[in-house]
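Participant: Single-letter residue listing:
There are 2 protein chains.
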Amino acid sequence: MSTAGVGSVDRRADRRDALRATAARQGLDAVLVTNLLNVRYLTGFTGSNGALLVRTDGGDLFGTDGRYTTQAGTQVPDVELIVDRGTVPALAREAVRRGVGRLGYESHDLTVDGLVGLEKVLTAAADGGAVPELTSIRRAVEALRAIKDDDEIEALRRACAVADQALAELVAEGALRPGRTELQVGRELDARMLQLGAEAPSFETIVAAGANSAIPHHRPDATVLADGDFLKLDFGATVDGYHSDMTRTVVLGRAADWQREIYELVAASQAAGRAALEVGADVVAIDGASREVIVAAGHGEHFTHGLGHGVGLEIHEAPGIGPLGAGTLAAGMAVTVEPGVYLPGRGGVRIEDTLIVTDDAPELLTLTSKELLVL
Amino acid sequence: MSTAGVGSVDRRADRRDALRATAARQGLDAVLVTNLLNVRYLTGFTGSNGALLVRTDGGDLFGTDGRYTTQAGTQVPDVELIVDRGTVPALAREAVRRGVGRLGYESHDLTVDGLVGLEKVLTAAADGGAVPELTSIRRAVEALRAIKDDDEIEALRRACAVADQALAELVAEGALRPGRTELQVGRELDARMLQLGAEAPSFETIVAAGANSAIPHHRPDATVLADGDFLKLDFGATVDGYHSDMTRTVVLGRAADWQREIYELVAASQAAGRAALEVGADVVAIDGASREVIVAAGHGEHFTHGLGHGVGLEIHEAPGIGPLGAGTLAAGMAVTVEPGVYLPGRGGVRIEDTLIVTDDAPELLTLTSKELLVL
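Protein chains in written order, with my numbering: chain Y, -18 to 356; chain F, -18 to 356.
Next comes chain Y alone, as it looks inside the complex:
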């Protein structure tokens, strides 16, 4: 049973301590974590049903159902286990029993029905006594997750390596050639990533040939790759729950001048974006540093999305890097830089890497070359 990548037992205890500190600052006695990815981050548990009660004074409780008793023992050996089909009610009853007065919960995760159910259980468990007061912790765990620890960075490094290797093998085998369809290429890329140890593709792999490459999020279809096409591949691998994300655009046969021109433009924009990834840098300014290269070349209207996003246990997470973003970078953030220029009806280029923000230059996790590849 793989437990790496969600971090060692000690690392996960550190994460719970960080949440404990947040809870204490907010005057809470405990926090009920229901978001399953947040539960995974804080405990290492990879099953499909689990919740966690983090208590300010320690003595945390992890709840899951009987299917996962063994798995919980292996993955979460250091947190007291409660086995119950209804994990949230079970933890809520324990919170009352253990004297929790102010209980934090995740209002961005718990549904309207879930909150009604939680209030009922707390009231019933209090049995006429004081009912714990519920307070939202907002996205406190997501805020912790934005800064990756060493175990997480190692998982991301491996996820990026799988994607790099899968693409390298397809290129070496000549799998990207005229006559094949987008769907064939996409399925081979996915299968190759699985063979190389990915749990799954990070998202639905994008393979876009010719004019389709001008559609930012084209879904691969029966379009046949043709000589002279741009071929845009946007894909990633999930390893131990962590997602890599990369895009490369190649040319089939011979590159026309207009293709070289926009390729070099996007590459220059992408380099400028990477260079702007500094601790303390504003996400709007980073987007701007990359975007101004494209705007200056007269293609501003053809770069129709934000520059990048955080990656980790989710393919899109904090921070968003774009004109509508907010906030600054911190060391340990994992982000993508992915400018694009899309010429409707003709073709488009996107180049994307996953990187780690550090106190020095960012660490590049996507190692595939960004030179224009003509196949």
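In case anyone wonders, no lab produced these hints; they're calculated from the structure. Beta carbons are placed, not taken as given, at the ideal position from N, Cα and C, and that holds for glycine. Any given hint could be a false lead.
As the list claims (entries may be wrong) - Some chain Y residues well away from chain F (every beta-carbon gap over 12 angstroms; in silico): (1) T92; (2) G109; (3) L175.
Unchecked claim - Distance ranges between label pairs, derived from CB positions: (4) F/G279 with Y/R79: 37 to 43 angstroms; (5) F/P159 with Y/A153: 51 to 57 angstroms; (6) F/P325 with Y/L62: 48 to 54 angstroms.
Chain F: place on chain Y using the hints.
Facilitator: Frame of chain Y; chain F shown alone:
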């Protein structure tokens, strides 16, 4: 762009009409559908951001963001499109503008934060006038989804065929043999399903060898397959969004008497469960029909889970078939039948098919033989 499997445009219009009828019965002017799978079911839209406003008097609205403008045009050609990053606020504003007085919403899907946001938008849009009254529709769309239409059954048929074929190929190639690891077998099964046209495995494939086969939800690990092992494979393919689910247990080398005995027992229990799948049958009674075979043989304590579950756009959906279930079967339901006997430390057997409930005998979608296979 694949639109099959979520049904033809006409089929999806039928589904919206069914929801419209439900809304009218509840005295609602419109329903805001936020659950993304429910949106997919009702519109065919497969993107990651979309919401739907179904109005009792017709004139529905579909909301998504700019990434999906083209895709929405192709997949949802028959519903008026609103392009906005904030799909729920945009649809809420339109609801006010178009005079909706009573608005249904999905309280099992909308988060606590989401409801607060929705109320704010409605109040602001009303601009001092009447604010629409919010009422939960509960799981009204899930109730519709429990009965599959012909397009959905065809997608399930194909998803089951991919899983059948992937297993057949692995068996034919001798991939299930002593010396290989559970992880290797699992990855090959997943890769094969992708090559055969699956979008993804239906869930994390279970490969459990030897004593691991006694763990109902074992995750494949580096355990090496050995002569005399039970090898349990629980897996499925997703095709056009619809999930298949099957389990087969084989023996490597030579089957011992105790292995043949529990295999035949589970096979008999599974046949009894399938035979009990009749329109109007109570889900507890169906579970009982299968379970009593195992109980009569003295293995009741070794069958530790429910008999089956509905499958469709989700791997687990209504109806649940087990001792704690409620309700009866209807024609068009897609369900699994999957009894198991698990002898801790020794090994276990589960046999699972996906079937469609009909007015006659159930239609078996999983076509792989259930004879004990010794490899």
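Participant: Against the structure, test the hints numbered earlier, and report the numbers of the ones violated in rising order.
Facilitator: 1, 3, 5 and 6
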